[in-house]
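Chains as they are written, first to last, in the working numbering: chain V, 4 to 98; chain H, 198 to 613.
I should point out that these hints are in silico values taken from the structure, not numbers from a laboratory. Quick caveat, the model's predicted, so the values are computed rather than measured. Each residue gets a CB set at the ideal place from its N, CA and C atoms; glycine is no exception. One should not assume that every hint holds.
[Said to hold, decoys possible] Anything over 12 angstroms on all C-beta distances counts as not near chain V; from chain H, calculated:
#1 D222
#2 L336
#3 D340
#4 E359
#5 N410
#6 D551
#7 D581
[What the hints assert, rightly or not] Chain V stretches covered by chain H per the calculated footprint, using a threshold of three residues with CB under 8 angstroms from any CB of chain H:
#8 4-17
#9 45-56
#10 61-71
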Amino acid sequence: MIINHPLLGPRDAQEFTYLGDASLINRPDWQATDAQDQFYDYLYLRNNPAGLHRELWFHEIGDRSWLVVTRDTVTHEITKVEMASDVAKEPGRNQ
Amino acid sequence: MRYSGFRVIKEALTGHKGWTAAWRDPEPQTHYDIVIIGGGGHGLATAYYLAKKYTKKRIAVLEKGWIGGGNVGRNTTIIRSNYLLNGNEPFYELSLKLWEGLEQDLNYNAMVSQRGILNLFHSDPQRDAFVRRGNAMILNGADAELLSVAQIRDRYPFLDFENARFPIKGGLAQHRGGTVRHDAVAWGYARGADQHGVDIIQNCEVTGFRIENGRCKGVETTRGFIGASKVGCAVAGSSGRLMAKADMRLPIESHVLQAFVSEGLKPIIPGVITFGAGHFYCSQSDKGGLVFGGDLDGYNSYAQRGNLPTVEDVCESGMALIPALGRSRLLRMWGGIMDMSMDGSPIIDRTHIDGLYFNGGWCYGGFKATPASGLVFAHLLATDTPHEVATEFRFDRFRRGYMIDEKGMGAQPNLH
Ligand SMILES: Cc1cc2nc3c(=O)[nH]c(=O)nc-3n(C[C@H](O)[C@H](O)[C@H](O)COP(=O)(O)OP(=O)(O)OC[C@H]3O[C@@H](n4cnc5c(N)ncnc54)[C@H](O)[C@@H]3O)c2cc1C
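Can you build the whole structure from these sequences, using the hints too?
Have a look at this one:
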């Protein structure tokens, strides 16, 4: 698989390590009253779709940036690559 | 029809005209007492033990393709019971005991071969961990023996003992472990279940559940609605996809694992060997092919094929252990979809929906579990209580913090 890095261009997926579903960016608030339920959900439950999947890849032997890759889990085709920092900032976060 | 040596001779002398189909090909009925989804090893074993041991009710197995086309026909056929944790070891030891009597029980040659499995270690801490594991196995009634380098040299002279980075320091052997002809397991259980009256319905994909007032009333399939008082799901790699139709999210990710077979060679590897410094395991089939595998590809996948970097990685690990491997040619390779759970251990439990039961999360170790998985899932379906060796395989163990994490990797499925 080739991951088209937004800054570096096409890179072999071998340069990256895989973390999992991009929802891992949205770490729950530990002070919420239902924090325990939220963390259970966050840590253990997955949509695990057959089809488009947004997922976190780390450019470990490259520029060490985190990417959000949209990939089809049935064909392995990659349709979109974003910087994870941009995705994280979208909902108004500052980091 | 009972199979026997006498029968083979008789058929040979009479032109093989007396053989009949090993199982029927029935039309689905409109209602069953128990419907099992998934005609893999686990689904078929469940139906077999249900019909044989637990109930006289009407049972069907629904398979979307042909039986044995999933992981049960794609794995590297290793059986063993060398687990460490109490939640796992009694279950896998029961499974190994069931393997030992399986062929007599089924009247079917599944080529169960207890040729032994050897886990190599390459450092002092690794030896300590293996000693601990061996003791845990013995405490649970399994067999384990720590082998010295000299003992291993004797049996496996072709290993790279002096590897500069990973010299072999010894190994933990389980002599009762070994291999089984994987397809024959599916066929043997299918034939056994069929003889006990189970309908095995192929080319019948479950496309949804009919759930009313929190109770599962049956399944929608490509061959119409099939009513059921109880529905058991055993679809391995497709677990996430299937349970989503009941609006369930699972502590499971689907990943691809590849397997490899070399050209046929003269006998060289007598048992099953695993490398302790990388992920590599190898045995030799009765046809002579070296059967081996390694790590997952590492990313979510429902494609039953992997990518080349993993091929390279597996072959490199193989070469580090058995340099002679480099002289043989790879004949075939393929992939299967693994239901990787968050702690690397399975789930066999009721769901929050009445009448809907789940069996999955087998990761890449579910083949050896087939007999016990079938037995305990049958027990659960028939009695609504977990079998005594499966009391920890519950859904709620993640919420309660009682993970069965053999490798201590945490909620990172591609590392288990
Ligand atoms: C390459 C590889 C190597 C492995 N090596 C080993 C090993 O050495 N030792 C070991 O113990 N384990 C091993 N495993 C793991 C083992 O094969 C699996 O854990 C086990 O086979 C899973 O259970 P099963 O046999 O029931 O699965 P499957 O055979 O996959 O059965 C599930 C069935 O459900 C069907 N299905 C799916 N969705 C639907 C639907 N909607 N409706 C109807 N039917 C459906 C599928 O078609 C399939 O036939 C390996 C797996 C792979 C892929």
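Here is how each hint holds up against the structure:
| no. | hint | verdict |
| --- | --- | --- |
| 1 | D222 | holds, 28 angstroms |
| 2 | L336 | holds, 30 angstroms |
| 3 | D340 | holds, 35 angstroms |
| 4 | E359 | holds, 29 angstroms |
| 5 | N410 | holds, 24 angstroms |
| 6 | D551 | holds, 21 angstroms |
| 7 | D581 | holds, 25 angstroms |
| 8 | 4-17 | holds (count 4) |
| 9 | 45-56 | holds (count 9) |
| 10 | 61-71 | violated (count 0) |
Hint compliance for this structure: hint 10 is the single one not met.
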